[in-house]
Structures are given as structure tokens and as C-alpha cells.
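J.: Sequence lines, in order, name chains V and U.
If you read the first sequence in numbering that gives the first Met the number 0, its first letter stands for residue 0, the second for the next number, and so on.
If you read the second sequence in numbering that gives the first Met the number 0, its first letter stands for residue 0, the second for the next number, and so on.
I should point out that these hints are in silico values taken from the structure, not numbers from a laboratory.
One or more hints might be untrue.
[Claimed, not checked] Using 25 Å as the maximum straight-line C-alpha spacing, the simulated BS3-like pairs for lysine-lysine come out as follows:
id, chain 1, residue 1, chain 2, residue 2
1, U, K155, V, K122
2, V, K119, U, K148
3, U, K148, U, K252
4, U, K47, U, K88
5, V, K119, U, K155
6, V, K142, U, K252
7, U, K155, U, K88
8, V, K119, V, K142
9, V, K122, U, K148
10, U, K155, U, K4
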Amino acid sequence: MTAVLLNDMSASRSPGANGAARRPHVTIRGLSQRFDQVSVYENFDLDIPRGELISVFGPNGCGKSTLINMIAGLIPADAGEILFDGRRLDQISFGYVFQNYREALFPWLRAFDNIAYPLKIMKVPPAERRARTERLVEHLGIKLDLNLYPYQMSGGQQQLVSIMRALIVEPEILFLDEPFSALDYEMTLFMRGQLQRIFMESGTTMVLVSHDLEEAVYLADRVLLLSRHPARVADFTPVTAARPRTDATLSEPDFVRTKAHCLEVFQREVRRS
Amino acid sequence: MKAGKLDGFLPVIGIAGLAALWWLTAWNKWVDPVLLPSPEQTFGALWKGMDDGALGFDFVKTVYRTAVSTAIAAVIAIPLGIVLGSSEKVYRSLEFVIDFFRSTPASAMFPLFLVLFGVGDETKIAVAAFGAMLVILFNVAYGVINARKTRLLAAKVMGASRLRVLFDVMLLESLPQTFVGLRNGVSLALVIIIVAEMFIGSQDGLGHSVFDAQQLFDMPRMYAAIFAAGALGYGLNLLFIVIERRFVHWSGK
Chain V
0 MTAVLLNDMS ASRSPGANGA ARRPHVTIRG LSQRFDQVSV YENFDLDIPR GELISVFGPN
60 GCGKSTLINM IAGLIPADAG EILFDGRRLD QISFGYVFQN YREALFPWLR AFDNIAYPLK
120 IMKVPPAERR ARTERLVEHL GIKLDLNLYP YQMSGGQQQL VSIMRALIVE PEILFLDEPF
180 SALDYEMTLF MRGQLQRIFM ESGTTMVLVS HDLEEAVYLA DRVLLLSRHP ARVADFTPVT
240 AARPRTDATL SEPDFVRTKA HCLEVFQREV RRS
Chain U
0 MKAGKLDGFL PVIGIAGLAA LWWLTAWNKW VDPVLLPSPE QTFGALWKGM DDGALGFDFV
60 KTVYRTAVST AIAAVIAIPL GIVLGSSEKV YRSLEFVIDF FRSTPASAMF PLFLVLFGVG
120 DETKIAVAAF GAMLVILFNV AYGVINARKT RLLAAKVMGA SRLRVLFDVM LLESLPQTFV
180 GLRNGVSLAL VIIIVAEMFI GSQDGLGHSV FDAQQLFDMP RMYAAIFAAG ALGYGLNLLF
240 IVIERRFVHW SGK
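Use the sequences and the hints to build the structure in full.
T.: See the structure below:
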């Protein structure tokens, strides 16, 4: 594996403007999924642009998490094809961050060893594991005592460890399933900032499921709005606000307009039944 | 919660209360002194028994039998429990059998084991190991089955093989429940050993000591042996709690 730790993407990014023209990273074709009698996805197509942060938002039970779980291989799809630059899932490296950090981290390992664990699975020698973990921590500039066990940390710190564990394999794509919804508001705000920084530092394609519209828009280069099931792309709205976004971004007219637009599409989809 | 200054002394209150009640009862002869000797007599007998070695020897014998039977039980039950718990099909097909024998009083197995192993130490140890094994087995399997699904999924999503998930995740996930099994197992083993020492041709052990003293109507010595057995049971439980705190630091967190 080449040691280009993290792509130098942040300089070249101008979100949204040329996103559509860029070669897609993930191509989803003809995706279908049924649970019992309910058709959640039916012949679903989507292109996810490279190096962008995509928020997935939609009505309750429309299959937001199901979508990333199918892309990440946690749930096998009934039909359809998902390719990453033409390759299958087992040919790429990816990361997944669970909503429930408490149950996703290993409480018997210190935070540092939790982060390094995926490298152990990849049979990376211990010395190199150590070095790569230290390099990642330093690169992200996250100040945490990594000698602690997860249960000695706050929820936000645990989720940061989870995110770092997902990033240690230098993933091409990172999936986050409502990563902040188990945190209190203060911690959520802090974590949004942290995730944005990690995204800007790493340039990794990220797909984030969110149930908070403000969060979805704030973090995203594009908001993927899904309809009720069987899910269609109701809209794939670009968010043009410059990064790094701050609290001030939340009240900028452009941001407010985008958010209002997303809300309108959302409401339309909720009412349609 | 704020710990008051006297909180450390709270456990002493129960002990002191019981001792006072006992002493009063003995002093006022509310109960026939032959049946209930005074605390001094009892603890005198306990001290003497431990000091001159008779009770001490029985104590060591019981510790030895309990330890050996628990060790045998653990060595068999822990790997078996992991195999059992990691496959729902295997577990479901054996669940009834395990549950049935777990519910069978181990003391009902004495005659059978006497036929199989004779009247020596082997029988006592075998019955105790049998009883403890089923308790440990059940708990280990239960711990593996109830491994957090998210944690298993997390390992799987990182590309861990089935074997790696088993050793790196399931095994550790089941440890807290394994310790519950070990604690219950050692308690049951002690119960069975004591009973076996009383009734199946034993020349030593705490059970024998209690029974022997009762036959000779030497009540202080009988109470002393009962206390020694109680202390042993409490001590074994404490030992496992200390080991668990040390090695399963995440338990209950």
C-alpha cells in the first residue's frame, strides 16, 4: 500500500460547481431491496462524486441507513450493482462509523489499540501499526489521551476514536451512520467541526446519514434527499458554502436558502404517500 | 453519591449485631447451651482446630477438592461453551440436554458416580466438576450468544475472518459472563464437595468435620467447621471477583 497518507484534495475542491462533471466514485445501478413485503429500493440508480461529503436525508423509514449499509456490504442487496471506480467492495478499502460508538468500539482495548486494530486484521507488523496510528493522530491534530479505555472517555471522544479507527486503513470512502445522534447538542456541534476538519484534511469521499437537516446541509457538499419507499432521489442538492464552515455559515443567505429548499423537498416527500 | 465518614463501618454493623445477639442468647441461656455454645467457645474451637491442624487439614482438603473440580469444569466448559455459543444451530440442538442436566440436582448423581469411580476422592471431584461444568458451560455459551451485534459487525466490516472475530471479539465479549459462570460454578462445587464429604465414605474435609463433630455432639467444633466452610465459600467468591476486576476491567461498563 502506498504511503500517501491522505490525498491532497482540499486545495482543488470547489464543491458542487464541477462535482457533476467529475468522474463518479461510486456508481449504483438497478439496486433493489425488499424487507418482508415492502419494497425499500426498486431499480435505484445513483452516482456519488469523488472526494465529496454527501449527506443522506429523508423521511423516517425511507431507507437512509439501508442505503449505506448496502453500499458498505453490511446488508446484501437483492439485486443491483455497486461499483467503486469499476471495482467491487472487496477490492477497495473503506471505513464505517456506527451510530452506537459504545457498542462499536472494543472496551478491552485502549483507544490507541482500537484505532490500530484494523491494521492488525490486515496483518501489518506491530511497529508499523504503531507508527501509522501515531501519524494519523498527529495529522488530524486531535488532542486526546489515547491511553484511556473507551469507557473512560466521553461520548464525543469515543466517536472520534471510532472515526479515527475507520480512517486508519486510508479508506477510499467513509460511511457514517448518524454518527452524532447519540451525543448531546454541545458535543454534536463540536463533532461537526471535527468531522469537517477531518474531511478537509483527508479529502476522503464520505457518505453521512443524518436525521438533522441543519447538520446534513452544514456538513455536505451535496445533500441526497430521498423519497418515501420505494426510495427515489428526490433531489441531489449542491451546498456551495465555502469551507471551513462556521457558526456564521448557518445564517448566511445562501445556506439558509439551501436549507429551506431541502426542507421544502422533504416536506413534499413526507406528504406524498 | 457522597460517601459519609462512617460509610466504611457500615458492613461492621451487621457483624457486630449478629455477634451481640448470639452472645446475649448464649449468656441468658435462651437456647439450650448444648445446642448453641457461646461465641467464645466456638471461636476458641475454630482457633484450636486451625492451630493444632485438625480443622486446618480438613480445610485444605476441601479447598483442594473444590479447586480441582472447578479447574476440570472450567477446562472442559469454556472451550465447549464458546463452540456452542458461536453456532446457533449447535446451541439450539443441545440446549435442552444442557438445561435438563443443569436442572438435575448434582447430588442425585452420587450413586451413579459411585458406581463409576468408587468411593475415593475421584467420585467427589467428578460430581462437583460435573455440576460446575454445566453452570460454566451455560454461562459461557450465553455470553458468546449475547455478544454485541454491533461489535461483531464492526469487526466484520473491517474485514476480520470468522476465526478472528471468534478470538478477538466473541471470546472477550463473553468474558464477563464467563466469570459469572465461574463464580456460580465454584460455589456449586463447594456445596457438592461438602455434601460428598459428609455422606460418602470420607475421612477428611470440612463436610466430614461438621458431620463428625455433630455425631460426637461436640457443638463448638461443629460450629467452627461451619464457619470455616462459610469463610471458604466467601473467600472463593471474593477471589473470583478480584480476578475479574483485574482481567475484565470493562465488565459492566
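J.: If a hint holds in the structure, say so; if it doesn't, say that too.
T.: Against the structure, the hints come out as follows:
1. K155/U <-> K122/V: Holds: K155/U and K122/V sit about 15 Å apart, inside 25 Å.
2. K119/V <-> K148/U: Distance of about 21 Å is within 25 Å: holds.
3. K148/U <-> K252/U: 17 Å, holds
4. K47/U <-> K88/U: Violated - the C-alpha atoms of K88/U and K47/U are around 57 Å apart, more than 25 Å.
5. K119/V <-> K155/U: 13 Å, holds
6. K142/V <-> K252/U: 24 Å, holds
7. K155/U <-> K88/U: 20 Å, holds
8. K119/V <-> K142/V: 24 Å, holds
9. K122/V <-> K148/U: Status holds; Cα separation ~24 Å.
10. K155/U <-> K4/U: Roughly 50 Å between the alpha carbons, so the hint for K155/U and K4/U is violated.
Comparing the model with each numbered hint stated earlier shows that hints 4, 10 do not hold.
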